[in-house]
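Since each chain comes alone in its own frame, lean on the hints to assemble the complex.
Chains as they are written, first to last, in numbering that gives the first Met the number 0: chain A, 0 to 160; chain B, 0 to 207.
Everything labelled a hint here was simulated from the structure, so no lab data went into it.
This structure is a prediction, so every number in the text was calculated from the model and none was measured.
Hints may contain errors.
Unchecked claim - Covered stretches of chain A, going by a simulated chain B footprint (3 or more residues, C-beta under 8 Å):
(1) 13–27
(2) 45–53
(3) 71–85
(4) 92–98
Just so you know, even glycine gets a beta-carbon here, dropped at the ideal spot from N, CA and C.
These are the residues of each chain, in order.
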Amino acid sequence: MADKDLKVGIGDMKFTRGGGTVITYALGSCIGITFYDPAIKLGGLLHIMLPTRNDSNDTKVFKYADSGIRETIRKLSAFGMMKSRTIVKIAGGAKMFDIKGNSDFGNIGQRNAAMVKKVLMEERMRISAEDTGGAYARTMVLNVNTGEVFIRTVGKPEKRL
Amino acid sequence: MVKRLKSYEDMNLQELDVMKEISSIGTSHAATSLSKLLQKEVRISIPEVSVLSYEETVDRMGNIEELVAATLVQMSNEVNGLMLFVFKLDMANVVLEKLIGRKYESFEEMDELDYSALEEVGNIIICSYVNAFAQLVDVGIDLSVPSSTVNMLGGVLTVPIAEYGYETDKLMYINAEFIMDGTKLSDGLLMLPDIESLNNILVKLGVL
Chain A
0 MADKDLKVGI GDMKFTRGGG TVITYALGSC IGITFYDPAI KLGGLLHIML PTRNDSNDTK
60 VFKYADSGIR ETIRKLSAFG MMKSRTIVKI AGGAKMFDIK GNSDFGNIGQ RNAAMVKKVL
120 MEERMRISAE DTGGAYARTM VLNVNTGEVF IRTVGKPEKR L
Chain B
0 MVKRLKSYED MNLQELDVMK EISSIGTSHA ATSLSKLLQK EVRISIPEVS VLSYEETVDR
60 MGNIEELVAA TLVQMSNEVN GLMLFVFKLD MANVVLEKLI GRKYESFEEM DELDYSALEE
120 VGNIIICSYV NAFAQLVDVG IDLSVPSSTV NMLGGVLTVP IAEYGYETDK LMYINAEFIM
180 DGTKLSDGLL MLPDIESLNN ILVKLGVL
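Here chain B stands alone, though its shape is the one from the complex (with noise of 0.2 Å):
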């Protein structure tokens, strides 16, 4: 009988390990598209991935009542889960500014253009990820329409850890910083399987 995990922080070392190997490829995939769409290059560092509790995942990306751009895409057919990519201000001005050539001081200056080419962006991120990650460990997950929002991080957050509740209390955060112009961006990305697709890509993997 294979062992199952029953939640996130159940994953040991060499479990994390390969999820890290996995996720470095399918970020490098998301800063290639990143580059195309700017015509600009982007460079990632090397994902740390970690299993954090909300307060935890709040602190190490920013303040809980910042204000925040946030993408989130439903995974479903062999994966189930929430893709969920966050845009801080930096790294909305730099898409912004490439883009549509717009720059701002906050948020709430942004109008429906801005915020739907912010989706657009976090779209092809989550999407070039996820495709790199499905192709590796050769499954199949199909990606809903992406949906958006800005809001407070800290509210941003409780979308997953509310959505899978009642299975775990933790959340998956991939911080893979991208690099444009010398510059580090802050954004952060979480993939969220549930518990079911996360046991079954382990065993893909063949680490479980």
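Isolated chain A (complex conformation) (with noise of 0.2 Å):
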């Protein structure tokens, strides 16, 4: 059978196991994060656009860093993975403009990645690597099979996390 190339759009998790990709495309101001327990292969990643979910009716639970996290988390462990077995890789969190005399505007980046951190701490699950900030997107791919985690951005060669 041929690996599986998930595709993870924004404010999105996908995740699979045994080989294949999971890639999430240009991440701005948004955080990929990847999960990957190698005992078990399995592998997911999660495209957050926002820090918390402020509305409790909101279906939208992968949007967010706070419920997003938590419910990639609950997902994959119903799948067998274990936290203390998992590497977690962040990427984004870009300040895309700026503006000034509004030095506010656009650091929604710099706030989803303190709230992930946050998260995940909260949940005991240590970042191993992380490529966060600057002005610039990126496209983070998560290979299963061998649970690498590529980031690809425009003018550089692409580097491994």
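Have a look at this one:
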């Protein structure tokens, strides 16, 4: 069977087991978070857009860092993921535009990164690598066979995270 | 009690039609300014105004990882929100060739001078659009200084989506094609009033 290549949209999460890749394109202020349990080759990628889910009736759980991370952990755990074995990496959280005289504008990336770290800490999951901040978009790829994570940005060679 | 819109996608056909009508006047003003600046005839197609999701907007405009130049201006006063103008390479080249006599194979070859020329042209297009819009609707709109980036299309479009992420998952995309020397250029203008402002605009126009 051919390995699956899964694409994760904005405010979404996908996971697979054994092989294939999970990819999310052009993370701007959003953050991509990969979860990989090497013992069972289970890998997921979550693409969050905002820090907190303020309305508990909002069904788009993967759009927010807090509800998205918790729901991803719940789902992957149901498929056998063990937190203690799982490798977590994060990328994104850029500030794409700078408006003079309005330093608050576009800080959403920074706020996203802070919330992602906070929630992961509360969940007792350590971030083993990160590539956040800056002013450029990133594409993030998780190889589910090897657990490797790659970051593509414009004008630079692809790098391993 | 008048009806209030909760999101862009609540706009009905009549309301969208009114936005399209105003946009076509806004974009023709933008074309006139561009024409003056480039000293060249610039025509403009009748714009379509669509309320689209992030993914749909990316698909309409190109490839998610494609490099584009974008100028962003913040609106405040009676209308709060963002204006975003996106240049694809063909449009950027037409502008740069005319203004500074340069042409490129890709955005990566450009330097700061090219970027600031594009930022200024984006700013002029946005300002003339917004001024015409504000006059017609009779609202006061203040504009911030422009800010710009050369980045992946998908990354650029996450900025307005995240900024209004707590209100809506949609963008208002104004698809007006500039035509120069018989060639359609690819560009995109996004007008993103916040929801309260959108309601105010439609009330002012008497459609809500």
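Hint check results:
Counting residues of the region 13–27 of chain A whose beta-carbon sits less than 8 Å from any beta-carbon of chain B gives 4, enough to reach three: the coverage restraint holds. Counting residues of the region 45–53 of chain A whose beta carbon lies closer than 8 Å to any beta carbon of chain B gives 3, which meets the minimum of three for the stated coverage. Counting residues of the region 71–85 of chain A whose beta-carbon sits less than 8 Å from any beta-carbon of chain B gives 0, not enough to reach three: the coverage restraint is violated. Proximity of the region 92–98 of chain A to chain B, defined as three or more residues with a beta carbon under 8 Å from a beta carbon of that chain, is established by the 5 residues found.
Violated hints amount to a single one, hint 3; each of the other numbered hints is respected by the structure.
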